[in-house]
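Number of protein chains: 4
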Amino acid sequence: MSFDEYRWFIEQSTPSTAHMFGLKRYLCDKQTPFQRVEIFDHDLYGRLLVLDGKIQSAAYDEYVYHEALVQPAMLLHERPGSVFVAGGGEGATLREIFRHPSVEKAVMVDIDREVVALCREHLGEWHRGSFDDPRLELVISDARRHLEENEERFDVIVVDIPEPLEESPALKLFTRQFYSLLQERLAPGGIIVLQAGDFGTIFFEAHSAIFNTVRQVLPYVYSYHAFVPSFNTEWGYIIAARDFDPGAVERGLIDRRIAERKLKLRFYDEETHRYMFALPKDIRNQRDGVTTIIDDDELLTTF
Amino acid sequence: MSFDEYRWFIEQSTPSTAHMFGLKRYLCDKQTPFQRVEIFDHDLYGRLLVLDGKIQSAAYDEYVYHEALVQPAMLLHERPGSVFVAGGGEGATLREIFRHPSVEKAVMVDIDREVVALCREHLGEWHRGSFDDPRLELVISDARRHLEENEERFDVIVVDIPEPLEESPALKLFTRQFYSLLQERLAPGGIIVLQAGDFGTIFFEAHSAIFNTVRQVLPYVYSYHAFVPSFNTEWGYIIAARDFDPGAVERGLIDRRIAERKLKLRFYDEETHRYMFALPKDIRNQRDGVTTIIDDDELLTTF
Amino acid sequence: MSFDEYRWFIEQSTPSTAHMFGLKRYLCDKQTPFQRVEIFDHDLYGRLLVLDGKIQSAAYDEYVYHEALVQPAMLLHERPGSVFVAGGGEGATLREIFRHPSVEKAVMVDIDREVVALCREHLGEWHRGSFDDPRLELVISDARRHLEENEERFDVIVVDIPEPLEESPALKLFTRQFYSLLQERLAPGGIIVLQAGDFGTIFFEAHSAIFNTVRQVLPYVYSYHAFVPSFNTEWGYIIAARDFDPGAVERGLIDRRIAERKLKLRFYDEETHRYMFALPKDIRNQRDGVTTIIDDDELLTTF
Amino acid sequence: MSFDEYRWFIEQSTPSTAHMFGLKRYLCDKQTPFQRVEIFDHDLYGRLLVLDGKIQSAAYDEYVYHEALVQPAMLLHERPGSVFVAGGGEGATLREIFRHPSVEKAVMVDIDREVVALCREHLGEWHRGSFDDPRLELVISDARRHLEENEERFDVIVVDIPEPLEESPALKLFTRQFYSLLQERLAPGGIIVLQAGDFGTIFFEAHSAIFNTVRQVLPYVYSYHAFVPSFNTEWGYIIAARDFDPGAVERGLIDRRIAERKLKLRFYDEETHRYMFALPKDIRNQRDGVTTIIDDDELLTTF
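Chains as they are written, first to last, in the working numbering: chain A, 1 to 303; chain B, 1 to 303; chain C, 1 to 303; chain D, 1 to 303.
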């Protein structure tokens, strides 16, 4: 296809920088009560999910984003039986969770019924039937309210929600109080993992603030990262635990558990783990200079 | 500044993807006998050097690109005394080399006299006077011809040349024959390092082909990478040695040598080294599937 | 809405010029057997119909395009009773025709059933119920074949078809043979009018070639034009007659007929007619230098 | 040249519309005390002069803009001897004036010495030596102040100044008071002409306001227009006189005077005059509904 045949999604990251995506065809452009949902096909990245103008994931490399989000936590846990997912509408987070034979139950809470329905319809490559897995308990609600009202505890908690824009309900899922609540809902030996924003030095403030906030609540907290081509940047994650240090991993453990659990992964293995958990010096310095603590009364303002 | 006030440099990486850079002001737009040279100021990335429409480096993050290119080789060498640079017109590669107190001589060969002059004039932040360092021997010539005609050997050889476009003289600096020549010009215990193209999975063929070609000539060869924000991607490098394995680095060596040599670096240290040298599984698989060997008679066709 | 919220339709008119349209929302993106049909909403121009990447008309100013196309021919005819329309899928050409009380019958032949259905559904502001007018005979077929197979004659013939791209069936509706056929289907005193391409000096070749071709077939032929803001250019039309000179219009005739027929027009009246039929000197010179004759064996290649 | 080789000037006319110009090469990007001056080469339009981000004229079609601005006034005057030009830095307005053999003197007042010097250097195709014409009196000053301080009267006054942006000195050249001053500086039988903004319906407010303001001061006032391809729109002009009606032109006069004065024009002649002075109905209605009067105390706010 030629330039003229594409329609262009121009993701402006700052007033003087933008990424252009040539769209082959529109599949969906819908305003739900919570957000604008667009799904289109791109020549290179395949299908793209865009919420409120921000790329969530692309067929081409959602395996990077989702393996990076889910697999470290699942594999650092000895035997994950129950998992909680906040957000995760695409269903790919579930897909990664359900690969693990020990999982007996996953509770996924997403606030937007329509997003889930549209993903189920258009993103089969992402969820691959996970929404039909009998181990799934799908709840359409606010994840925070759900956790407040239910005392169930989980071996792994995955927070896979979009960047909070102004007045978004997601804002309350990026605060000290919410992270405290997560900590209380963690079973003994449990692990929390968060998608945690852009990891390039330019847009690094949000990640740093989230990191610093989680650190107020939990003793063991690590940043890690993976380069996602369709994001045009490294993406950040945060993993945290209450009862053990997930950073103290003996050599060989990850590859051994991948083999034991018979996981067929494209992105993640022990060397990938080393890549993701080693941080460049400028990033470490930048992150460790941030003292912001995000609070219910002092919300995150930019992402 | 507003959208209207910028002029836009739109770097189209594929027919359906592009990066937009809002330019504040033009400083230089010149066609030399070898290439088009543009220098402009960008709000976020500061000064930008663009050769034949490809960003070479930006004031904002050239420290990442240049420390990543130069410091591993210099620090893995016990006592680098003589260094050869092919290309490197900005002068920042020299700057990184001259930080090392053991360096007695650097020979830099760049084909384009005007590029060197323009960088010297406009990119003071990059070279910081390196062109005036008495240890520098600057030669305006073709790097390959120079090495063919001179038998001098070097402790470290740095190849810092732009992507070879069609009919570019740089094409002959990406072949098996050229890498053989480099190997012959290496002093005992010497190290070679190359800038080696985009390291994202989309544009990974060139890196893989270079890696595979160097492997035909030298016994110890490693890919590594660093995320450069203004490139919107991870960038690839290749380090190689003839007489020892630069991948077998004892713990603590890098930080110790940085301290001994009193280097003040912003990006590179031992943890950064671990980040750069650990490769994600998909990248390893993709690279190791490539069997291309670049030859004087079978040049690299895309980058 | 801000830059980020729009998706961009970038109509590239030459390699170095383009027009950007910020789209608010997609209503339709469909490939029919004949063309790609897109309908979207634009902040300034309202709803837009785009066929094969070319704007056909916009809610904001389709009255200019359609009054300019239809009204001169209808008003220069003393009493138009029967009208033939080739193309005209939006239904706005019909709307302009049916304003005239003398019209008893309009035959519209469009090749693309789906375009007509989509316009009927989404472009109510254009057709305003014209598809339900009992005087309409709507035929889904190739206009040329239909005219070949039917010997009916018409007072006014309107050719309202998109630019012919390569291998388009529309190509055969821009040839000497087709214009001969139109001439044969003209009732005594009848008038033919064609939409006839961009009227700016840059893209003027197609108009000139059409003009010159029609002149081979009919004795009285005139170019005229109107500026259509959403096209970012003046648009060209050609009017022709066999039995009288439509350029010899006595002063006052047009305004008198508009009053007699009680037409409420926004764009067209006698002064507008003078504007449209007077041509700048450079345009006249450029057009009159063209000798191309479009033939079934020598089709129009660019528009 | 390909998309990648151009740098893009994106003239955003509203938040949801823009025109893209692919620039081949930068010649000049300079901030003067009054404005930002850019001169670059475009593949299609040739050299372009841009002041404060607004295209002033292009080599390709400046003859349209400048003949349309200058020739009607010069030709409607029986024997123009003295001419005043406010602005007109490119020198092409002078070029059109000096074609007339009766001209004995042209006083041009431009506020920006550097713009005049840069145009003189880079826009030889525009001025063709007019700055060296012995009939020229070039004054670097504010045109209004100059007219206030000098009582000389002129046969033709041409106001060729850019759109006034906020805080621009040009703002005071678009007011009732300034037009009064012009009227006082008109010799008997004299004519005033103004470039008067975008003439498309979208951006028509400024033209309408200027028209209405001039009408407060002078008895005979006409809008006219010409389509300028590189502007992507029809451009508006206003012609006015105190002592006679320039709209009452006997048939044949213009072509006769062009012949008598032996003018070789590309755009303007009698038929072009009819095109320019006939206005579409929607434009007339829109203009005549505007009641704004621009005053020194109530400046024009948008253009």
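Hints listed in this document are in silico derivations from the structure and should not be mistaken for laboratory results.
Heads up, a few of these hints could be off.
Any copy, or any two copies together, can satisfy a pair, since identical chains are not distinguished.
Restricting the straight-line Cα-Cα distance to at most 30 Å, the calculated cross-link-like pairs of lysine-lysine (DSS-like) are [unchecked claim]:
1. Lys262 x Lys105
2. Lys264 x Lys281
3. Lys105 x Lys172
4. Lys24 x Lys105
5. Lys54 x Lys262
6. Lys105 x Lys264
7. Lys54 x Lys30
8. Lys281 x Lys30
9. Lys281 x Lys262
10. Lys54 x Lys172
11. Lys172 x Lys264
12. Lys281 x Lys54
13. Lys54 x Lys24
14. Lys105 x Lys281
15. Lys172 x Lys30
16. Lys264 x Lys30
17. Lys172 x Lys24
18. Lys262 x Lys24
19. Lys172 x Lys262
20. Lys262 x Lys30
Numbered hints the structure breaks, given as an ascending list: Numbers 4, 5, 8, 11, 16, 18, 19, 20 - these are the hints that the structure violates, sorted from lowest upward.
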